[in-house]
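Trainee: Listed below, chain by chain, are the residues.
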Amino acid sequence: MTEALASYPETMTCCATLATRLLWIVPVAPMVAAGIIALLKQPYRKTAQMLAIGSMVLSLAISLFAFSYTVGGWMQGVTIRETVNFPWLHFGTTAVELGWILDPLAAVMLVMVSFVGLLIFIYSSGYMAHDENATRFFCFLALFAGAMLGLVISNSLLLLFMCWELMGLTSYLLIGFWYFKPSAAAAAKKAFLTTRVGDIFFLLGIVWLFAQTGTLLFYNNGAGSIEHSALALLLAQPAALGLSAATAIGLLLFAGAVGKSGQLPLHVWLPDAMEGPTPVSALIHAATMVAAGVYLIARVYPLMQAGALTGGTTTALTVVTWVGASTAVFAALIAVAQNDIKRILAYSTVSQLGYMMAGLGMGGVAIGIFHLITHAFFKALLFMGAGSVIHGCHEEQDVRKMGGLKADMPITFITYAAGMLALAGVIPFAGFWSKDGILEAAFTWKLSNVPFFMLVFGALLTAFYMTRQVSYVFFGYWRGHKTAHESPAVMTMPLVILALFAGILGFFGTPAWPWFRAFLEGHAAPFEPGILLEPELAILMGVSTLVVMVGIVAGWRIYGEKSPAASEPDALEKAMPGVWKFLSNRMYVDELYEVTFIRFYSWWGKVADVLDRRVWGGAVAAVMALTALLARINRSFDTTFVNGGFDKTCEELATSGGLLARVQSGRVQSYLRILAAAVVALAVILVWSSRP
Amino acid sequence: MTPLTAHLLVAALLFAIGLAGALTRRNAILVLIGIELMLNAANLNFIAFWRYSPHPEALTGMMFAIFSIAVAAAEAAVGLGLVIAIHRHLHSTDLDQMNRMKG
Amino acid sequence: MSVIFWLISAITIAGALFAVILKNTVHCALALTVAFAGLALLFLGLDAQFAGFTEIMVYIGAVAILVVFAILLTRGSETPKDSVYSRFPVAGLVAAAGVFAVLGWAVLQSAGALPHAMQMPSATAKEIGYALVGRYVLPLEILALLLTVATIGAVIVALHEKEGK
Numbered sequence: 081m082t083e084a085l086a087s088y089p090e091t092m093t094c095c096a097t098l099a100t101r102l103l104w105i106v107p108v109a110p111m112v113a114a115g116i117i118a119l120l121k122q123p124y125r126k127t128a129q130m131l132a133i134g135s136m137v138l139s140l141a142i143s144l145f146a147f148s149y150t151v152g153g154w155m156q157g158v159t160i161r162e163t164v165n166f167p168w169l170h171f172g173t174t175a176v177e178l179g180w181i182l183d184p185l186a187a188v189m190l191v192m193v194s195f196v197g198l199l200i201f202i203y204s205s206g207y208m209a210h211d212e213n214a215t216r217f218f219c220f221l222a223l224f225a226g227a228m229l230g231l232v233i234s235n236s237l238l239l240l241f242m243c244w245e246l247m248g249l250t251s252y253l254l255i256g257f258w259y260f261k262p263s264a265a266a267a268a269k270k271a272f273l274t275t276r277v278g279d280i281f282f283l284l285g286i287v288w289l290f291a292q293t294g295t296l297l298f299y300n301n302g303a304g305s306i307e308h309s310a311l312a313l314l315l316a317q318p319a320a321l322g323l324s325a326a327t328a329i330g331l332l333l334f335a336g337a338v339g340k341s342g343q344l345p346l347h348v349w350l351p352d353a354m355e356g357p358t359p360v361s362a363l364i365h366a367a368t369m370v371a372a373g374v375y376l377i378a379r380v381y382p383l384m385q386a387g388a389l390t391g392g393t394t395t396a397l398t399v400v401t402w403v404g405a406s407t408a409v410f411a412a413l414i415a416v417a418q419n420d421i422k423r424i425l426a427y428s429t430v431s432q433l434g435y436m437m438a439g440l441g442m443g444g445v446a447i448g449i450f451h452l453i454t455h456a457f458f459k460a461l462l463f464m465g466a467g468s469v470i471h472g473c474h475e476e477q478d479v480r481k482m483g484g485l486k487a488d489m490p491i492t493f494i495t496y497a498a499g500m501l502a503l504a505g506v507i508p509f510a511g512f513w514s515k516d517g518i519l520e521a522a523f524t525w526k527l528s529n530v531p532f533f534m535l536v537f538g539a540l541l542t543a544f545y546m547t548r549q550v551s552y553v554f555f556g557y558w559r560g561h562k563t564a565h566e567s568p569a570v571m572t573m574p575l576v577i578l579a580l581f582a583g584i585l586g587f588f589g590t591p592a593w594p595w596f597r598a599f600l601e602g603h604a605a606p607f608e609p610g611i612l613l614e615p616e617l618a619i620l621m622g623v624s625t626l627v628v629m630v631g632i633v634a635g636w637r638i639y640g641e642k643s644p645a646a647s648e649p650d651a652l653e654k655a656m657p658g659v660w661k662f663l664s665n666r667m668y669v670d671e672l673y674e675v676t677f678i679r680f681y682s683w684w685g686k687v688a689d690v691l692d693r694r695v696w697g698g699a700v701a702a703v704m705a706l707t708a709l710l711a712r713i714n715r716s717f718d719t720t721f722v723n724g725g726f727d728k729t730c731e732e733l734a735t736s737g738g739l740l741a742r743v744q745s746g747r748v749q750s751y752l753r754i755l756a757a758a759v760v761a762l763a764v765i766l767v768w769s770s771r772p
Numbered sequence: 015m016t017p018l019t020a021h022l023l024v025a026a027l028l029f030a031i032g033l034a035g036a037l038t039r040r041n042a043i044l045v046l047i048g049i050e051l052m053l054n055a056a057n058l059n060f061i062a063f064w065r066y067s068p069h070p071e072a073l074t075g076m077m078f079a080i081f082s083i084a085v086a087a088a089e090a091a092v093g094l095g096l097v098i099a100i101h102r103h104l105h106s107t108d109l110d111q112m113n114r115m116k117g
Numbered sequence: 002m003s004v005i006f007w008l009i010s011a012i013t014i015a016g017a018l019f020a021v022i023l024k025n026t027v028h029c030a031l032a033l034t035v036a037f038a039g040l041a042l043l044f045l046g047l048d049a050q051f052a053g054f055t056e057i058m059v060y061i062g063a064v065a066i067l068v069v070f071a072i073l074l075t076r077g078s079e080t081p082k083d084s085v086y087s088r089f090p091v092a093g094l095v096a097a098a099g100v101f102a103v104l105g106w107a108v109l110q111s112a113g114a115l116p117h118a119m120q121m122p123s124a125t126a127k128e129i130g131y132a133l134v135g136r137y138v139l140p141l142e143i144l145a146l147l148l149t150v151a152t153i154g155a156v157i158v159a160l161h162e163k164e165g166k
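Protein chains in written order, with the numbering used here: chain Z, 81 to 772; chain Y, 15 to 117; chain P, 2 to 166.
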């Protein structure tokens, strides 16, 4: 089924659907590759790699084809939105439908996921070269890629949820890839359980939506669950606390995103997920899986935005904004005090996800998604660079034990620096433009400008901790033991490609030429360089650049110039030991959860155990004892009465037989006597009976 | 008392005596004597009934009695032969000692 | 009934009684003979001449002789150490008395239903002969067979076993 919807000034049309019809191959190819790899034995790592990389190449090709088709449509002034729906489960008269969709948002995400995924696959073949379980790794990785691509193109909330859960599973498998490490196994379990908490609310939202609107498809020729009629119905339906059903469902769906994207209460799993191999961290916990939550909110944005007065916002979006802004600051604060190279990047990811959520809440789909796209590129770059550093420092991960790698690992240094500048938001790198978009939206937000200040503070901290990290790792003197070496080309080539993108990607979303926003929202994109000089915009850009510079300079002054030794306590630690300790221990959030939820849960588990063993087990044991008692009674009854009676009867028979045998005396005279008596008796009877 | 009744009573008495002899004597031959008496009592019964029956020309009773006498003779021969044979083994005609067939 | 009848009955019964009471076996056999004779006379009194003479010839002439022979042949262990009566003779007497009682009572009870005296039938030897080979030829032949078998059997049974047979 095809259907094209126009955004505002364009007209509708529907045309060639080849791109949409082929779209199902994009997720299926990596899944099929995963299936085949699962059957391979361990030594066939090269085959596994080729299969995985080949399937990603195929997916990328089709994604590019779909993307070009969508862009072509945009250039002709048409917004493409084509769906293919099919019924899946029938029950009674209703049916649950699944389907996939091709529209600008999906096309952009497809290209990003398949491209970054392909680069990470290539990188992994180098990174996991010495690991004996590489085949299993590629199987899981391909399965994950298939799930993510499936999530991106899904037109049904149910299909999205299925891919969501599949990604959760593969994330668990990949975080716990080195399962023999207890910390890895624990981290995998933590990730799964924490995201599960979010998924419960997500599922509730799905069920509620289905109950209210009768469909889980997003777009279905006007009958979809986030199209006009359904939204009107949801807005009219009241839920609790004065909210409408639309808001309540939106909040429930957001709860799922909170779990998956590591927003404030449920962020605890993301830093621990760094136990997995670095390509996993790059792909899943930087570029794609954690972005799934943001993508979900973007997808159901009409629902989140339902009922908004022109220029205003809805309750759901307000909640999204506040959660996002808080997370951004919170995570950035913690990142300042971490020493593990990957942990810093992990908290940085959490912080940037908060930025994305805030951008969605305040600025709309295009703003949030643009930051998502740029973040994917440079965060993947940073993680892969960190992996290269770890590889080069012989599996060392503490930044205080590195240093001076600028000379030993030049390619890594240059690419990492590009990524760091992009993340910090230095003009003209990609991160600057995307973050600036969010700041601009925050500045013009009607409800309050506290988020704006929070996000600015967050930008300062981001620049600061990234500078700290780069200073520790690449500048100063070498604090390690063995000499470091550069990584092989198969690992550095993807770094270079990503660095290039980190540089140029920004130009697709500058205010001078807002192509990205135009593409997503379906209107023209005028090229107006003059807009940059508008006073509001220029001041904003100036403020953010200033803030970033302050952060970088502060970081350089404290860490870059002085180049502290490994064993020395951190400069900030010396200055504010209490604050440092608080931040370094991740604000004790894990400990808080441990004391409250975990403890309650294990207490509950003990109660259930006692209940099970004593009460239910006791009941079972009582029944058993009763049955055994009955069996014993039965047996004794059987032995005494039945057996005994039978034996007694036989004895009596034998005795009486013996007694009766004495009649057979062998003496004919006694026989005759008896005969005579019998005859007498017979005669008497005969005569008596024949008397008249 | 009609003649028939008298004869029947006599026959009954003879039968009882024969039975008493067969039941109470120890010697096997005397048991056989008792049996002969019983048979004869039965013969007397037959003849008496024949004599006073409505159709004596059918000779049924007489025939029966004659055949009974013949059979009794044969039976006496065989029985006494058996007693003699047993006497040869057990050297006694005491019936109480001939109880090999006891159960 | 005539006196002759009662007299002959008395003799028969006395003979039978002595036949079962006497201790000496030979005396018993002789008493038996007397009883047979009395019976024969009773048959004659009932106009059954052929039966009476057959009785004399067969019973007295053969069976009684046979009995005497048997007694004489088994005389070796004849001295009775214990009583001539078997164990529990009273039971036997009681049984016999019971039988007599029942028979007597039956006879007396049915006295009214019994047939009365008829005219004298003719049962000459000629008629008996005709009956034997006419109507009763089959029983006759069987009887002949029986007698042959019985005689041969008795001889075999009583035959002195040869040594080593």
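It is worth saying that the hints were derived from the structure and are not from the lab. Hints are not guaranteed to be accurate.
As the list claims (entries may be wrong) - List time: in silico DMTMM-like cross-link candidates among lysine to aspartate or glutamate, alpha-carbon distance up to 20 Å:
no., chain 1, residue 1, chain 2, residue 2
1, Z, Lys261, Z, Glu245
2, Z, Lys261, Z, Asp420
3, Z, Lys261, Z, Glu476
4, Z, Lys642, Z, Glu653
5, Z, Lys270, Z, Glu245
6, P, Lys24, Y, Glu71
7, P, Lys127, Y, Asp108
8, Z, Lys270, Z, Glu674
9, P, Lys24, Y, Asp110
Unchecked claim - Residues of chain Z placed beyond 12 Å of chain P at every Cβ, according to the derived structure:
no., residue
10, Asp689
11, Leu752
12, Ala756
Beta carbons are placed, not taken as given, at the ideal position from N, Cα and C, and that holds for glycine.
Trainee: Which earlier hints turn out false for this structure, listed by number in ascending order?
Mentor: Those not satisfied are hints 1, 6, 7, 11, 12.
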